[in-house]
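There are 2 protein chains.
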Amino acid sequence: MLGEIIAIGDELTSGRILNTTSHFAASQLFAAGHEIVAMVTIGDEPDLIGQTLQQALGRADFVVVTGGLGPTTDDLTNAAVASALDRPSTFYPEIFKKIQAHGNTLSANRKIFLEKLAWLPEGAHALHTEVKSAGYFLVHDGKPVFFLPGVPHEMKELLLETVITRLAVWDGEEVRKVRQKLFKVVGMAESEINRKLGHLEGRDPRVKIGYYPVFPEVHVNLTATGASAVEADGVFDKFNQQIESVLGPFVYGSDTDTLEKVIGSSLKERGQTLAVAESCTGGLLGHTITKAAGSSEYFLGGVVSYSNSLKERFLGVNRETLLKFGAVSSEVARAMADGARRQTAADYALAVTGIAGPAGGSEEKPVGTVYIGLATPEKIHDFLFNFSGSRGRIQRQACQAALDLLRRRLLDYELRTV
Amino acid sequence: MLGEIIAIGDELTSGRILNTTSHFAASQLFAAGHEIVAMVTIGDEPDLIGQTLQQALGRADFVVVTGGLGPTTDDLTNAAVASALDRPSTFYPEIFKKIQAHGNTLSANRKIFLEKLAWLPEGAHALHTEVKSAGYFLVHDGKPVFFLPGVPHEMKELLLETVITRLAVWDGEEVRKVRQKLFKVVGMAESEINRKLGHLEGRDPRVKIGYYPVFPEVHVNLTATGASAVEADGVFDKFNQQIESVLGPFVYGSDTDTLEKVIGSSLKERGQTLAVAESCTGGLLGHTITKAAGSSEYFLGGVVSYSNSLKERFLGVNRETLLKFGAVSSEVARAMADGARRQTAADYALAVTGIAGPAGGSEEKPVGTVYIGLATPEKIHDFLFNFSGSRGRIQRQACQAALDLLRRRLLDYELRTV
Chain Y
1 MLGEIIAIGD
11 ELTSGRILNT
21 TSHFAASQLF
31 AAGHEIVAMV
41 TIGDEPDLIG
51 QTLQQALGRA
61 DFVVVTGGLG
71 PTTDDLTNAA
81 VASALDRPST
91 FYPEIFKKIQ
101 AHGNTLSANR
111 KIFLEKLAWL
121 PEGAHALHTE
131 VKSAGYFLVH
141 DGKPVFFLPG
151 VPHEMKELLL
161 ETVITRLAVW
171 DGEEVRKVRQ
181 KLFKVVGMAE
191 SEINRKLGHL
201 EGRDPRVKIG
211 YYPVFPEVHV
221 NLTATGASAV
231 EADGVFDKFN
241 QQIESVLGPF
251 VYGSDTDTLE
261 KVIGSSLKER
271 GQTLAVAESC
281 TGGLLGHTIT
291 KAAGSSEYFL
301 GGVVSYSNSL
311 KERFLGVNRE
321 TLLKFGAVSS
331 EVARAMADGA
341 RRQTAADYAL
351 AVTGIAGPAG
361 GSEEKPVGTV
371 YIGLATPEKI
381 HDFLFNFSGS
391 RGRIQRQACQ
401 AALDLLRRRL
411 LDYELRTV
Chain V
1001 MLGEIIAIGD
1011 ELTSGRILNT
1021 TSHFAASQLF
1031 AAGHEIVAMV
1041 TIGDEPDLIG
1051 QTLQQALGRA
1061 DFVVVTGGLG
1071 PTTDDLTNAA
1081 VASALDRPST
1091 FYPEIFKKIQ
1101 AHGNTLSANR
1111 KIFLEKLAWL
1121 PEGAHALHTE
1131 VKSAGYFLVH
1141 DGKPVFFLPG
1151 VPHEMKELLL
1161 ETVITRLAVW
1171 DGEEVRKVRQ
1181 KLFKVVGMAE
1191 SEINRKLGHL
1201 EGRDPRVKIG
1211 YYPVFPEVHV
1221 NLTATGASAV
1231 EADGVFDKFN
1241 QQIESVLGPF
1251 VYGSDTDTLE
1261 KVIGSSLKER
1271 GQTLAVAESC
1281 TGGLLGHTIT
1291 KAAGSSEYFL
1301 GGVVSYSNSL
1311 KERFLGVNRE
1321 TLLKFGAVSS
1331 EVARAMADGA
1341 RRQTAADYAL
1351 AVTGIAGPAG
1361 GSEEKPVGTV
1371 YIGLATPEKI
1381 HDFLFNFSGS
1391 RGRIQRQACQ
1401 AALDLLRRRL
1411 LDYELRTV
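Quick note, the sequences are listed as chains Y and V, same order.
Just so we're aligned, residue 1 is where the first sequence starts under the numbering used here, counting upward by one.
Just so we're aligned, residue 1001 is where the second sequence starts under the numbering used here, counting upward by one.
Bound-form chain Y, shown alone (with noise of 0.2 Å):
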């Protein structure tokens, strides 16, 4: 179906609030089969908000708005509507009722405004029965209207939990079901994924597959429809499976996964414990560690030995290891990496030197030049990457891998260097 994203705020186009609701929206939107003919910005004014509306039912076969529900008087989206659309604001009782359960936890000051919440133009529908988030749809002219909350994480919620899958029912009018998945990769460039992928693309045309690069990650989206769920659940199995089999082990998890909570997950499960050593990455990969909620459990922490007399300290590298074959070298990455194991008596032990630059780089060791070391219970490995970009690239990509090379380790896959 094709679609029009409207988003309404005057934090908007004042830019001072970068919009992502509507890329968001558009994605998945994509990724679900569907097209996007415009995406459009207003501010809160009812005029212009009912004319872009008119203009949005003219060219697509469903809208979505996002933004000015909220109880405040500059949220002026129902009002334009019911006007724009003919449909008079509508009290409604049902709606009311539930909103006013959940604002029992409201100011005073908050309350008052409640009420505006629950007048909305005739004939909306509320679009979550728990009224969790303000949100509704209506049929105008036979096409899906969606009203959705500016708030980022309410608006996502409620555009995977209802929009998508009324669109879905709503398409070729029937009941048809979805099923979605996002493979997150690391490791493989996205045009060798495509490349890679390509020969399932088109070949079912209930399946669509899109490609996302997440620097430094990249994810894949495949959804997969059907009349019925079983339809949709064995077509998606299938293209599943032949995603798995094809990307292998650059497959680090799927959806909400990332990299550091996989680690974690498995370092928990085996009642292990990691330490790191951080030369040119400076704190980032156990900054990234420690994202995961009850790191602490497995992460004891590390060294960030930016000089050279810490790597010699904290760590015990030799001073004639770092003299004869320089810092950035798999000598003193390897050092590092069992110094940091030794010392935190960590099961493992990641161990991160390099060149980030912009300054710094040589003709024998370019910028990006990183070596990572990795010490296991039973051995120490070592590896060189060439990294190419800014300064903050390098970093995110040393990170990465860093973190890639644990995750295959204690997976048992093969450890290779990109």
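Hints were generated in silico from the structure; no laboratory data involved.
Glycine included, each C-beta is placed from N, C-alpha and C at the ideal position.
Do not rely on the hints blindly, as some may be mistaken.
Claimed, not checked - In silico EDC-like links for lysine to aspartate or glutamate, alpha-carbon gap of 20 Å or less:
1. K1208/V - D382/Y
2. K116/Y - E154/Y
3. K365/Y - D338/Y
4. K208/Y - D1010/V
5. K208/Y - E1011/V
To be verified - Stretches of chain V that chain Y covers, calculated by requiring three or more beta carbons in the stretch to come under 8 Å of a beta carbon on chain Y:
6. 1034-1046
7. 1287-1293
8. 1298-1306
Assemble chain V onto chain Y, guided by the hints.
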């Protein structure tokens, strides 16, 4: 003036790419005193491009169009504009000559497309005499229309260098000069800044003050215009001085400054060094410091002592202190800072220990409790903060507060607890 922003590209409507250029244009145009009617994003569809442009010309005083100007066949903006505005595609030999000169570095494969870049709608003027990048403007129905490339850095450069200046000239039919500055504020909430600067707003029609929360900082934008450079400078200087005097040491820098760069410059200038000891930030503090290129000149590194055993082993924190006061305490923050400074022989050491959550809080020390220690050549300071928000937000606030304390110490400002 009233403006409209149109972004063109299938990669935007499919959600593959997040449109950040429209947001950048809106915020810069808004700061320069313009208002944005609408921001419209559409695919590479000639008819829709034409209609959208016509609509924009009908309701705005100027239009900024981005994207679709490239040399490949899917870039259709110029042809669509030529047709919609009835301005036949015209070959501009001057532009072609410059493109050819510039294009010598391109592959043969790309060169054959270059001629396309010199075919523009009748009445077009190159935006840049260097023709470094695609980009032109024309005046239609007495309104300026700007066509900019979709590549963010090219678009941003042309917008700032040519569009904003030309609009300033256009506005009021006189050459208006613009001066702008972004104040970067740390440790003061947006509402508080707003309250303190409120008396300056609306006092002079030549001045605009805007507030942009960039968590955990707040940026304040000052734009002053004048009929001449002298007038603009005079207005700018007056308001600049007033903002500086009101916000005082809460302003850590301006425009492209970052907190870590400001600290780095100050340390470099003094020939002094810094080390860190991190617990709840897990490496974020070190990582932030090493975001600044050249940080190895003053940053020695440090310890991520996530576990108590590492606090003892690497930093020499007393086991009794840990047991008596707990790892999250002013005593341990002091001991960590002192230990990091002694062990690394740095001039300054920052230590962070706290509860980032979501678990681990207690009634006495809820999630968000963070102690920061600062060891200097003269003494050891400690500070208690109570942050709120998600784990990630607490970590970022703790990191920023630590850096800000060091900045205040280096610049001899009062050291305060927020």
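Cross-check of the supplied hints:
For a cut-off of 20 Å, the pair hint linking K1208/V to D382/Y is broken: about 56 Å separates their Cα positions. Restraint check for K116/Y and E154/Y: the C-alpha separation of about 19 Å stays at or below 20 Å, so the hint holds. For a cut-off of 20 Å, the pair hint linking K365/Y to D338/Y is broken: about 23 Å separates their Cα positions. As the CA atoms of K208/Y and D1010/V are separated by approximately 17 Å, the hinted pair is consistent with the 20 Å bound.
For the proposed pair K208/Y and E1011/V, the alpha carbon gap of about 16 Å is at most 20 Å, so the pair holds. As drawn, the region 1034-1046 of chain V meets chain Y at 9 residues by the rule of a beta-carbon pair under 8 Å; at three or more, the given contact holds. Counting residues of the region 1287-1293 of chain V whose CB lies closer than 8 Å to any CB of chain Y gives 6, which reaches the minimum of 3, so the coverage claim holds. For the region 1298-1306 of chain V, the stated coverage by chain Y holds: 8 residues have a C-beta nearer than 8 Å to a C-beta of that chain, and at least 3 were required.
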